[in-house]
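K.L.:
Protein sequence lines, in the order shown, are assigned to chains V and W. For the first sequence, my numbering begins at 13 and goes up steadily by one. For the second sequence, my numbering begins at 420 and goes up steadily by one.
Hints in this document: simulated from the structure, not taken from any laboratory. Each residue gets a CB set at the ideal place from its N, CA and C atoms; glycine is no exception. Among the hints, a few may not be true.
[Claimed, not checked] In silico lysine to aspartate or glutamate, EDC-like type, Cα no more than 16 Å apart, as pairs:
#, chain 1, residue 1, chain 2, residue 2
1, V, K17, W, D648
2, V, K48, W, D648
3, V, K137, W, E652
4, W, K624, V, D132
5, V, K48, W, E652
[Unchecked claim] With beta-carbon atoms standing in for the labels, derived distance ranges:
#, chain 1, residue 1, chain 2, residue 2, range
6, W, D502, V, W66, 20 to 30 Å
7, W, S595, V, D53, 48 to 58 Å
8, W, K591, V, D53, 47 to 57 Å
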Amino acid sequence: MSLDKPYSDIPDTVVFDADMARLGYHLNQFCMSLMKAPNRDRFRADERAYLDEWPMSEDQKLAVLARDYNRMLSLGGNIYFLAKIFATDGKSFQYAAASMTGMSQEAYAEMMIKGGRSPDGYRTKKERE
Amino acid sequence: MARLTAGIACSHVPAVGAAWDNKKTAEPYWQPLFAGFEPSKRWMAENRPDVVFLVYNDHATAFSLDMIPTFAIGCAESFNPADEGWGARPVPVVQGHPELAAHIAQSVIQDDFDLTIVNKMDVDHGLTVPLSLMFGDVAEWPCKVIPFAVNVVQYPVPSGRRCYNLGKAIRKAIDSFDQDLNVQVWGTGGMSHQLQGPRAGLINKEFDAAFLDGMTKDPEALARIPHIDYLREAGSEGIELVMWLIMRGAMDAEIRETYRFYHVPASNTAIGHLILENNRSPK
Numbered sequence: 013m014s015l016d017k018p019y020s021d022i023p024d025t026v027v028f029d030a031d032m033a034r035l036g037y038h039l040n041q042f043c044m045s046l047m048k049a050p051n052r053d054r055f056r057a058d059e060r061a062y063l064d065e066w067p068m069s070e071d072q073k074l075a076v077l078a079r080d081y082n083r084m085l086s087l088g089g090n091i092y093f094l095a096k097i098f099a100t101d102g103k104s105f106q107y108a109a110a111s112m113t114g115m116s117q118e119a120y121a122e123m124m125i126k127g128g129r130s131p132d133g134y135r136t137k138k139e140r141e
Numbered sequence: 420m421a422r423l424t425a426g427i428a429c430s431h432v433p434a435v436g437a438a439w440d441n442k443k444t445a446e447p448y449w450q451p452l453f454a455g456f457e458p459s460k461r462w463m464a465e466n467r468p469d470v471v472f473l474v475y476n477d478h479a480t481a482f483s484l485d486m487i488p489t490f491a492i493g494c495a496e497s498f499n500p501a502d503e504g505w506g507a508r509p510v511p512v513v514q515g516h517p518e519l520a521a522h523i524a525q526s527v528i529q530d531d532f533d534l535t536i537v538n539k540m541d542v543d544h545g546l547t548v549p550l551s552l553m554f555g556d557v558a559e560w561p562c563k564v565i566p567f568a569v570n571v572v573q574y575p576v577p578s579g580r581r582c583y584n585l586g587k588a589i590r591k592a593i594d595s596f597d598q599d600l601n602v603q604v605w606g607t608g609g610m611s612h613q614l615q616g617p618r619a620g621l622i623n624k625e626f627d628a629a630f631l632d633g634m635t636k637d638p639e640a641l642a643r644i645p646h647i648d649y650l651r652e653a654g655s656e657g658i659e660l661v662m663w664l665i666m667r668g669a670m671d672a673e674i675r676e677t678y679r680f681y682h683v684p685a686s687n688t689a690i691g692h693l694i695l696e697n698n699r700s701p702k
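For reference, chain W alone in the conformation it holds in the complex:
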């Protein structure tokens, strides 16, 4: 059977992708950030998944205002890195896992979460920057990836509670898939940041630290945080953190925090990163 072994939280900032692609990772501004992911790459080399279920948001790339699905699951064979207006990132094509994706869609929709099925989609920095940070420079991504896009662009976005419960339904689906696969769930985006208006540049280290603690110790409390608190405390784009709760909902109630990293700034954003492992996973 498929088994969910680990959950990863990771911010995704376009400037991080640009720094990576332009070989600026050793520059003083970027070095501390990329150094913070070195332990993650080592961990990943020893804990390579077969499939990553990657929760992210599209940034007006695949979805314009013509269609705005709240939850969209990528069921295609492959997904091309998108041209976001300055050329596509020079990273490998993302290989999907249509069989597991279809299984999850079937299971989760029957559990009352109405997913949008997507069979053709380009993926933007929201998905490819976390892959670069966790896997480094590679000719091919070392695993399959199921993109799972959440609307956090047009308000209202799904609530933290709904995301957390959706994570539980995704877990149930993974547990019932009859291929022997090591699966990870990643939640991306966040942490505190605001990209717009005179309030741009907002960073709330106290909120972020409490959120990181809560991911390990009390995700139920995090799931009760209302939209307005994210907007007020973590900035208008900090609401991306609801996506982390899909990952956390999919994990066991009791988990161990293997690694944590936090860094300000990456351009306009606080970067947060966690590696969480289910206790029953072998150490």
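Excised from the complex, chain V in its bound form:
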């Protein structure tokens, strides 16, 4: 019997549950390694070579190289771990969040100043259609 996952009905959202954590274990642990400055330097010097030290899937590596955060999320990345990548790039949380919405950072920041994204239309996949 499989577990009930009522949150799979929430649109545009990956819930980082035990299954996703299993899928993304090495991706996320690679991210953790970027907490140390010498590792950040080695990653910056040759990203592909650094990624090849980790038993990640090719899709995960390509998503990191492309800085495709939505793809990383779908492959088991967790946002607090992925934050180590954009911190290494010198980018803010707001930059990363904007990139995942497809908005420019300016447009996203403006939306937040105006009170953020309303939950209306975003509660269920049906509501989103």
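Following the hints, position chain W against chain V.
P.N.:
Frame of chain V, contents of chain W only:
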């Protein structure tokens, strides 16, 4: 005996720490937020605790995916501010209260809440940003702090009901500690926010307002909110609000709301803040 006098709810956003550390608090974007904590700092100057039991979550800092404790109590003498990837925040080292922490661990585990004991741990913005907001720029934090980390990173996180009941067990432990200490419990994180995916930027002011009301008037009802409602209504990271229920569970059933502040946005997040006092505490 130790006595629990007040509970504080306070969001914790890394950008707030960065704004603080880079002296940007007077900039138009940040000024309203920091102004909202000025009354709190004045209140705190008159109601200084000996110990803060500080409920927060680690953001992939001290705990990677190697170990994910649901509830972890910091029993060390001190805790260093963590380097989260851009250097440690320039704030004082956090001094613990190992004796009270051990007492709470002993009492709460015997009350069926299986805590993880942590004797070595760095603390990230989840813990230090609320300290900065409540105490301001200080050479030393003016009280001891017991860090209490809750897993809200990997789903499922503990339920609101379990957090609320855990708060009651923590209260029982504080009440039975035989040193004369003024203790506060802080619940941090929240309010509505989503940091990931195309739905990022979600803010639900109605949900947040009802949650703030419920903290004072009907915490039992808040404790019945299921996970799915947080995710749906308050965003995937809004589920941090379960940590506020640990604080509320520790407080008296009847409390008075001394102060409330709400502000949107801090980067991607709705900032919520409450000062709650137990009625029997002297006014």
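K.L.:
The structure should be examined with respect to each hint, and the outcome stated for every one.
P.N.:
Consistency of the hints with the structure:
no. : hint                       : result
1   : V:K17 / W:D648             : holds, 13 Å
2   : V:K48 / W:D648             : violated, 37 Å
3   : V:K137 / W:E652            : holds, 14 Å
4   : W:K624 / V:D132            : holds, 12 Å
5   : V:K48 / W:E652             : violated, 36 Å
6   : W:D502 / V:W66: 20 to 30 Å : holds, 21 Å
7   : W:S595 / V:D53: 48 to 58 Å : holds, 51 Å
8   : W:K591 / V:D53: 47 to 57 Å : holds, 50 Å
In terms of the numbered hints stated before, the structure departs from hints 2, 5, listed from lowest to highest.
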